[in-house]
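Peer 1: Chains as they are written, first to last, in our numbering: chain A, 157 to 500; chain B, 295 to 611.
Quick caveat, the hints were computed from the structure, so don't treat them as lab data.
All residues carry an ideal CB built from backbone N, CA and C; glycine is no exception.
It is possible that some hints are incorrect.
As the list claims (entries may be wrong) - DSS-like mimics (lysine-lysine), calculated; alpha carbons at most 25 Å apart, straight line:
no., chain 1, residue 1, chain 2, residue 2
1, A, K215, A, K232
2, A, K419, A, K405
3, B, K451, A, K215
4, B, K331, A, K302
5, A, K302, A, K215
6, B, K357, B, K367
To be verified - Residues of chain A placed beyond 12 Å of chain B at every Cβ, according to the derived structure:
no., residue
7, L172
8, R200
9, K215
10, Y218
11, E242
12, R247
13, G253
14, P275
15, M364
16, N420
17, F447
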Amino acid sequence: MTRYVIRRILQGIPLLFIISIILFILMMNTGDPIATMGGRSVTRPADRIRLTRQLGLDKPIYVQYIYWLIGNDWTKVDLNGDGIPETSGTRRGILRGDFGTSIVNRGTPALTLIVQRLPNTLLLMLASEIVIVLGSLLVGIYSALKQYSTLDNFITTLLFIGYSMPIFFVALLSMYIFAVLFKRWGLPYLPTVGMFDPQVGQTAGQVMLHMILPVLSISLVSFAAYSRYIRSTMLEVMGQDYIRTAKSKGLPRRSVVLVHALKNASLPIVTVVGLDLPLLLGGAVVTERIFAWPGMGRLFLDHVSRGDMPVVMGILMLIAVAVVVFQIITDIVYAWLDPRIRYD
Amino acid sequence: MTTEVPTNKIASLAPDELETPPLTLAQLTWRRFRRHKMALIGALVLVFLFIYAFGGSFIRTEKYANFNNTAIKLQAPSAAHPFGTDPIGRDIFARTIYGGQISLIIGLFAVLIETLCGILIGALAGYYGGLLDSILMRITEAMLNIPEIFLLIVMAKFFGGKIPDLTVMGRTFSGSVVVIVVIIGVTSWMYLARIVRAEFLSLKENEFILAARATGTSNRDIIFRHILPNSIAPIVVSATLGVANAILSEAYISFLGLGVQPPTATWGNMLDNANNYIESAPWMWFFPGLLILLTVLSINFLGDGLRDALDPRSRTV
């Protein structure tokens, strides 16, 4: 197992390099970061040349990539524009933990910006994942045990609709119902924007209240997909011989379902959950934008539109690393759940 | 020990005694498909949506759809404007018609690109194997490792504004339509490539491929005339569901303001800024959103039915 994990990590490294190269090439041409630097006034041509040189944007793309990757403190760069490199570089490169300096927020390290926003996104992700897994287990198992009952048919149809729902539509609709209509009807209504009410402050209760609608929007699609998936794997497992054996030796129904069936049915579910986790981050981009949630998705949107390469690349590479790590964790959990699986 | 040649003792039926003629794949598929009620309804709704989007041109002109009159901005649905008007006074009903055309066209063409990329990459990787397979699959994996929406946003910025407006059949389209079609196509082929590769890996071991090789069939013919037609079922299913995903992708990225640029309407960019009008003008986001949902839902039902009909071995997720 250890050898397998080490091998997977070693395989992940070239993969991350390929990803970083693809993204770097794409990011190089996504906009003019200098255009917005002068604030409202247009950047003067002389300033433009100076800034391009200082930011190292005049270098060929492979040099920029190398500087981004391993830094430039081992060489000298030309800052005064006389064509002779005279100043030692200060960047240490992403491999040594230096994500570069944000172009939009001059002087702030990109990593600082990302780390400020990361907990907010993780909070949203974690809550959504809990809702998704618990909810879909509940609905999926119920639906499987009562196959073809009226409620099962009803649930199945609803899940199909939920599965096809665009996240923004869920978000807009739920905001309209739970905030606008509830307010109009004089019912207690939910807040729609931000993380907390500035008049109350960032208390746990406020954050939880503000989280309800975003979490609902992020989790609905995955919840519907997983419920359908759990229903079908449960149905398959419930037809197996060992379930009949368990039933016929008089085990209580609860333990047949929850121990014998669920553990076996959870194998494919673990895979889907592990591999889909990063997809939730995609949903977070839209959701954070609609609900003005100060997370990483919004940071990404704000900075990608102004060509802030260090921040955007930092976010994307963090996600890529997370995906690779989650794939490995999924494999380990898989082997732990199913002793038949041997990786060595 | 007899030397006589045994007469044909295997019972055989004269052609006219055959009870039913053998069914073609299309007939078999239809037989299974029509039992799937929801898929039939999905197909029907889809036909109506196409009639709505393309037939709608006869009731409202495009000029009318893009005509803005701020005197009638943000009006609630009425007889003159069945779906109300948007913040600069355009008729939302007319815009959902023309937006629908673009959204559906984007969905179909993006899937065309997706399917071409997916088949080509999957077929090459699966058929030739070896180093080519490793390289192509590493790239596939790399693409899969970034959530699609991030790739779409970065690519939309990359290509944005670089293609001039196009005039097709007397109508002007924003060049961003082409950009969106291409970027959705090139960011979504990965799953299909994996499916095609898996099909090729198993099919190329069959005897009929050996026979084809023995008779000197070229690699190109083996790939496209012998293996590909046999793996058409999962490709059709995946392409059908791909249309729904492409329409959704367009909506997401237009919603974020990076997609198709105005005045060309799509269901997605009609929702741009909708979160500022949740309370004041719910009709502004409700109708385009509902149309997207209906389209995606019916395509998903259709795809589900097709999967059951074409590819009974595969399981529905």
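Peer 1: Evaluate each hint against the coordinates.
Peer 2: Here is what the structure says about each hint:
1. In summary, the hint linking K215 of chain A to K232 of chain A is supported, as the alpha carbons are separated by about 13 Å, within the 25 Å threshold.
2. Taking the CA atoms of K419 of chain A and K405 of chain A, the gap is near 19 Å; set against the 25 Å cutoff, the hint holds.
3. A hinted pair counts as satisfied when its Cα atoms are at most 25 Å apart, and K451 of chain B with K215 of chain A qualifies at roughly 21 Å.
4. Between K331 of chain B and K302 of chain A, the direct Cα distance comes to roughly 21 Å. Compliance with the 25 Å bound is thereby established for this hinted pair.
5. Between K302 of chain A and K215 of chain A the alpha-carbon distance is near 65 Å, which puts this suggested pair outside the 25 Å criterion.
6. Of the supplied pair hints, the one linking K357 of chain B and K367 of chain B holds, its CA atoms being roughly 17 Å apart against a limit of 25 Å.
7. Against chain B, the non-interface label of L172 of chain A is violated: not every CB pair exceeds 12 Å, the least being about 8 Å.
8. Annotated as non-interface, R200 of chain A keeps its C-beta farther than 12 Å from every C-beta of chain B; the closest such distance is 24 Å.
9. At the 12 Å boundary, the C-beta of K215 of chain A stays outside the reach of chain B, the nearest C-beta of that chain being 20 Å off.
10. For Y218 of chain A, the condition that its CB be more than 12 Å from all CB atoms of chain B holds, with the nearest at approximately 18 Å.
11. At roughly 34 Å, the least C-beta separation between E242 of chain A and chain B is larger than 12 Å, which holds for a residue marked as non-interface.
12. In this structure R247 of chain A is separated from chain B by more than 12 Å, as the shortest Cβ-Cβ distance comes to about 22 Å.
13. Every Cβ of chain B is farther than 12 Å from the Cβ of G253 of chain A; the closest lies at roughly 21 Å, confirming the non-interface assignment.
14. At the 12 Å boundary, the C-beta of P275 of chain A stays outside the reach of chain B, the nearest C-beta of that chain being 20 Å off.
15. For M364 of chain A, the non-interface assignment is confirmed: its Cβ lies about 22 Å from the closest Cβ of chain B, beyond the 12 Å cut-off.
16. The claim that N420 of chain A lies off the interface holds: its Cβ sits roughly 16 Å from the closest Cβ of chain B, which is beyond the 12 Å cut-off.
17. Some Cβ of chain B comes within 12 Å of the Cβ of F447 of chain A; the nearest lies about 8 Å off, and the non-interface call is violated.
Against the hints set out earlier in the document, violations occur for numbers 5, 7 and 17.
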